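Protein chains in written order, with the working numbering: chain B, 34 to 601; chain F, 37 to 347.
These are calculated hints, taken from the structure and not from any lab test. Be careful, since some hints might not be right.
What the hints assert, rightly or not - Derived coverage of chain F by chain B (criterion: at least 3 residues anywhere in the stretch with Cβ under 8 Å from a Cβ of chain B; other residues may be distant):
#1 197–204
#2 294–302
To be verified - Taking beta-carbon pairs under 7 Å as the criterion, some of the chain F residues facing chain B (in silico):
#3 Asp69
#4 Thr73
#5 Val75
#6 Ser86
What the hints assert, rightly or not - The following residues of chain F were derived to be distant from chain B, with all beta-carbon distances above 12 Å:
#7 Arg43
#8 Thr58
#9 Leu105
#10 Arg107
#11 Leu108
#12 Arg159
#13 Arg160
#14 Leu173
#15 Gly207
#16 Arg231
#17 Thr240
#18 Glu243
#19 Tyr245
#20 Gly253
#21 Asn267
#22 Ala323
This structure is a prediction, so every number in the text was calculated from the model and none was measured. Don't be surprised by glycine CBs; every beta carbon is placed ideally from N, CA and C.
One-letter residues, chain by chain:
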Amino acid sequence: MHGIPKTRAEVRPARRAECLGLAVLAAAGAGAGAACRGEDRAPPPRWHGAGLPGPRRGGTLTLSIVDEVRTLDPAIAYDEYSAIPEHLLYETLLDYAPAAAADPLALEPALAESYTVSPDGLSYSFNLRPDLAYHDGEPIVAEDFVYALERVLDPRTASPGRQYYLGIAGAEAFAGRRAEHVSGLRALDARHLEIRLEAPDTVFPLLLTLPFSTPLKPSWVAARGDRMVDTPLASGPFRLAELRPSERLVLVRNPRYWNPQLPYLDRIVVTMGVPRTRAALELLAGELDAVDRLNADDYLRFAATPAWQPYLRRTVQINSFGEQMNLRHKPFDDRRVRQALNYGIDKHDTWVLENGRVILARGLLPPSLPGYDPALAPYPYDPERAQKLLAEAGYPDGFDVTYTATDDETAQLLAQSIQADLAKLKIRVHLRFLTAAAYFSAIGRGELPFSFSAWNLDFPDPYDFLYSKFHSDGIAAENASNETGYRNPEFDRLVAGARHELDAAKRLDMYRRAERILHEDCPWVWHYHQVMVEVVQPYVRGYQPHPVWLRDFRRTWLDGPRRPGPPP
Amino acid sequence: VTRYLVRRLGWSLVVLWFVVTTTFAMTYGIPADPARTLVGPHADAATIASLRREMKLDRPVWVQYAAYLGRLAHGDLGRSYRTRRPVLAVVAEKIWPTAQLALTALALALLAGVPLGVAAAVRRGRAADTIASAVALVGQSAPTFFLGPLLMYLGAFRFGWFPVSGYGEPGWDRLWHLFLPALTLAPAGIASYARLVRAELTETLGEDYVRTSRAKGLPPAAVVGKHALRNALPPVATLAGLDLGVLLGGAVVTESIFGWPGLGREAVLAIANVDLPIILGVVMVSAVAILVASLLADLAHALLDPRIRMR
Chain B
34 MHGIPKTRAE VRPARRAECL GLAVLAAAGA GAGAACRGED RAPPPRWHGA
84 GLPGPRRGGT LTLSIVDEVR TLDPAIAYDE YSAIPEHLLY ETLLDYAPAA
134 AADPLALEPA LAESYTVSPD GLSYSFNLRP DLAYHDGEPI VAEDFVYALE
184 RVLDPRTASP GRQYYLGIAG AEAFAGRRAE HVSGLRALDA RHLEIRLEAP
234 DTVFPLLLTL PFSTPLKPSW VAARGDRMVD TPLASGPFRL AELRPSERLV
284 LVRNPRYWNP QLPYLDRIVV TMGVPRTRAA LELLAGELDA VDRLNADDYL
334 RFAATPAWQP YLRRTVQINS FGEQMNLRHK PFDDRRVRQA LNYGIDKHDT
384 WVLENGRVIL ARGLLPPSLP GYDPALAPYP YDPERAQKLL AEAGYPDGFD
434 VTYTATDDET AQLLAQSIQA DLAKLKIRVH LRFLTAAAYF SAIGRGELPF
484 SFSAWNLDFP DPYDFLYSKF HSDGIAAENA SNETGYRNPE FDRLVAGARH
534 ELDAAKRLDM YRRAERILHE DCPWVWHYHQ VMVEVVQPYV RGYQPHPVWL
584 RDFRRTWLDG PRRPGPPP
Chain F
37 VTRYLVRRLG WSLVVLWFVV TTTFAMTYGI PADPARTLVG PHADAATIAS
87 LRREMKLDRP VWVQYAAYLG RLAHGDLGRS YRTRRPVLAV VAEKIWPTAQ
137 LALTALALAL LAGVPLGVAA AVRRGRAADT IASAVALVGQ SAPTFFLGPL
187 LMYLGAFRFG WFPVSGYGEP GWDRLWHLFL PALTLAPAGI ASYARLVRAE
237 LTETLGEDYV RTSRAKGLPP AAVVGKHALR NALPPVATLA GLDLGVLLGG
287 AVVTESIFGW PGLGREAVLA IANVDLPIIL GVVMVSAVAI LVASLLADLA
337 HALLDPRIRM R
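Just chain B, with the same shape it has in the complex (with noise of 0.2 Å):
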C-alpha cells in the first residue's frame, strides 16, 4: 500500500510520540517524552457543569476561528468564518429549523410571521412580524429588505451574492443600470412586503435566509459607508461590542431582538487566527468553550479519551470532495479514462486518514440533501477493470499528469494517497500545491488538468451542486465555477429546468435523472463528504453544529458557573 495505512490501528502506533498538538516535541528528547505521559489520550476535562435540568441564561462563551473575520458587511461577507458572527447578528425572513430539530433543513419564518405563494410559484407575500426592530432601537420596515436587495443587486456593491437574486423581476434591468428599481420587488406598508419572480423558482425561499437578504436602514448604511464592515446593523440574537481586526470580535446579547427566549447567552467572544493545534491546547486549558475540525493527532486522542465521549459533536456537512479532470486537456476527452481514475482511487484510504471523519460519496450529492440517491452505485475500488478501461482508451501504459492541490494537511495527505493508488495503473502523478488564493485563480481559469476540488453548500439543495460546478453556463475564460469544462445537454436541460418545476416528486426526479448522467460521465472522482466533529466542553448545552449554518450558537446555553475537576 507504498507506505499508506489501512486501519485506524495502523495510523496510531506512528504518531504516538507526538504530544497533543506540539508534534515539534517530539524532537526536544527525553524532557519532552517525559512531558507527554498518556500520549494516546487527552486529558480529561477540567471543568464540569452544575447539572442544571434546563437552559440558564447568562454567560460568556468563548470561541476561536483559525482564519479572520474580515467584514461584517452582509452584502459582502461570504466565507466559512463570517459566516459564523454573521448568522448570530443578522436575521432574515425565513430560517432553518435549528439543528436539533427532526428536519433542520425544513424552512420556519423567521422576521416573517407568516408568507404565502401564488398558486403560480411567481408571488411572494410576507406579512412581517409586529413591532421588530434592530439593535439600536429603529424599527424594521418592509421597505428596508427592498433596499438591502437593490443594495446586493447593485454592481457598485460587487456582492457576490447578487447572481442569486437575479431572478426577481425586474432584477436584470436594475442589475443593468437600466431601472431605477427594482420592479419586483414592493414594500406595500410597514409589515407587508411582496416579492415578484420572473419564473416559478422552487429555490427562492432558501435564499432568503442568506445573509444578504437581512434588512438594512438606508439611513445607517449612508452614514457608514466604508465603515459597514465594522458596524453591522443587528436583527439578530446578538450584536456587535466590539472588532478588533484579524484579533477579536465579541458579541452581546440584542434585547431587542423579536424572540424573547433567545439567546441565553450574554456575550460570545471569537479569537481569530488560532491554529487548530493551539486551539486544542486552549480548550483543554480552558481559555475555550468549543474547537471544530481538530487535526488528525487531536482528533484521536479526544476520540480515545472516554471522558470526553459525550462532548464530540458530530454533523454530516452538506458538501462534496473529489478530483477534478478537466475535459480539455488530454487524456480527460476520454470518460473512460474518467471512469479507469472512478474505479483506481482507493476511497477507503481516505476514510484512514481522515480517521473516519468522512463519508464516503456514491455521486456528487451528498447524503443529507433532499434528492440525493441512495439507489445510485458507486464505483468501487476495481484496479483491475480500470486498466482494462484505460487499454480501451489507448493508455495501457498509464500517462504522466500533474495533480494540483492546496497546501494544507489533509489535502496533502489524500493527494500522495492518490498518487499511490494510480502508480499501480502505472499512471505517473506529479504532485503541485498552491496556497488557496493561488490554487482558486488557477482553477478558475481552467488551466489545471487534474486537481482536488470541492463544493460546499450555498443553500440545501441539488441545484446548488448540479448547476454551480457542472453546468455550461459556467463555463468562463476566467473565474469559471464549472472548472472541468463539462457540458451535457441533455444536463443542462434537467437541471435549468428542475429549478422551475413546482411539483415536488418530478423536481427530484429530473435531479435525480441529472446525478445518473453526471455520475456516468464522471468529469470527477466522486470521492467523499465531510463529517464535521466540534468538541465541546462539558458545561456547554444546547449546541449541535447545523448542518447549513455549522457552528450556530444561537440555542447555546452554558451549565454553570463551571466547577473544577471532571464530569461525575
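Position chain F relative to chain B; hints supplied.
Chain F only, in chain B's frame:
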C-alpha cells in the same frame, strides 16, 4: 553632523524606494487574484470582474505601480483589500503590540545577556565561561518555531502559569500574556549580547588603562564596572538598536504562534489573503524601522564613544 544626516536620509530614501519596488514586483508576481480571494470561491465571474475594475486591478502593472508611488508620495498607503481600512491605520494599530513585544524581548535579552558576557569575560576559561558559552550556543541555535511551542506547552499547558495565547487587557494581564512570547524571542538576543560583551570586555580588560586602574588599587568590581564595561558598551548599544529595528518589523513566527496581534501576524494574514496594500505597508514599516534604528544606533555609538567623529 548636519551634512552627515542629510546624506544618511538621502540614502535611506533610496533604500526605501528599492524595498517598495522589489516588494511590489514580488507581490504582483503572486499567481492569485485578490478580487477572487476577497469575494470567495462562490462569487460569479461578473461580480469578480466588476470588483477588479473597482479595485483598479484591471490596469497594467506599471500604471498601478506609478499610481501607488504617486499616492505614497502624498503619504497615502491605500486601503486594505480585506477590511477596506486605511493601511496607515492598520499599521499604526498593529505596531504597538509589536513594540511592546520587541522592547520586552530586548530588555530580557540585555538583562540576561550582558551579565552573562561579563561573567564569561572576567572568569575566562572557567565554569562561568563554559556555562555562558553553552547558553549562548543554545540561545542562538534554538529557532522560535521550536522554542515557542515548547514554552507554550510547558509554561501554559503543563504548568498553567501563563495563558496559552492572546494579547490580554492593559496592565498586569498584558504583562502576563507578554511573558512567553518575549521569552521565545529573547534567547537569540541573550546569546549575541553575551558573546559581544565577552569579546569586547576581554579586549578592554587587557588595555593599559585597565591595568593602571587595577594597579592603583581599585576593587575588581569597580575596575570592570567603571572602566572596562563602559568602553565595551557602545557596540552593545549599536547592536541593540539594530535588533530593535528588526524586532519592530514584527516577529512573524512568534506572533503567529502566540496569537500576538502585531505587525508580523498581520503580514502573515495579509500574505495568505493576497492583501497587497497591507503587505507593502508592513514591509515599508519594517524598512523604515531598521533605517531609523541603525541611524539612531550610529548616533548613540558616537555619543557614547567620543573617539568617533561624524563626517
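**Message:** According to the definition I'm using, a residue is off the interface if its beta carbon is farther than 12 Å from all beta carbons of the partner; does Gly253/F meet that for chain B?
**Reply:** holds, 48 Å
**Message:** Please verify that the nearest CB of chain B lies beyond 12 Å from Arg160/F's CB.
**Reply:** Consistent with the label, Arg160/F stays out of reach of chain B, its closest Cβ about 31 Å off (over 12 Å).
**Prompt:** Per the stated criterion, does the least C-beta distance between Glu243/F and chain B lie above 12 Å, as a non-interface residue requires?
**Reply:** holds, 43 Å
**Beyond 12 Å from each Cβ of chain B, as asserted for Arg107/F** = Per Cβ check, Arg107/F is outside 12 Å of chain B; nearest 17 Å; holds.
**No chain B beta carbon within 12 Å of Arg231/F's** = holds, 25 Å
**Interface-negative label, Tyr245/F against chain B, beta-carbon threshold 12 Å** = holds, 47 Å
**Asked** Is the nearest Cβ of chain B still more than 12 Å from the Cβ of Asn267/F?
**Response** holds, 40 Å
**Message:** How does the stretch 294–302 of chain F fare against chain B when you require at least three residues with a CB closer than 8 Å, holds or violated?
**Reply:** holds (count 4)
**Prompt:** At a threshold of 7 Å, is the proposed contact between Val75/F and chain B supported by beta-carbon distances?
**Reply:** holds, 4 Å
**Asked** Can Thr73/F be said to touch chain B, with a Cβ gap under 7 Å?
**Response** The hint holds - Thr73/F has a Cβ within 7 Å of chain B, the shortest such distance being about 5 Å.
**Prompt:** Taking the closest pair, is the beta carbon of Leu105/F still more than 12 Å from chain B?
**Reply:** Non-interface label stands for Leu105/F: nearest chain B Cβ at 24 Å, farther than 12 Å.
**Message:** So Ala323/F supposedly isn't at the interface. Is its beta-carbon more than 12 Å from every beta-carbon in chain B?
**Reply:** Holds, since 22 Å exceeds 12 Å.
Going through the hint list in order, the structure satisfies each hint without exception.
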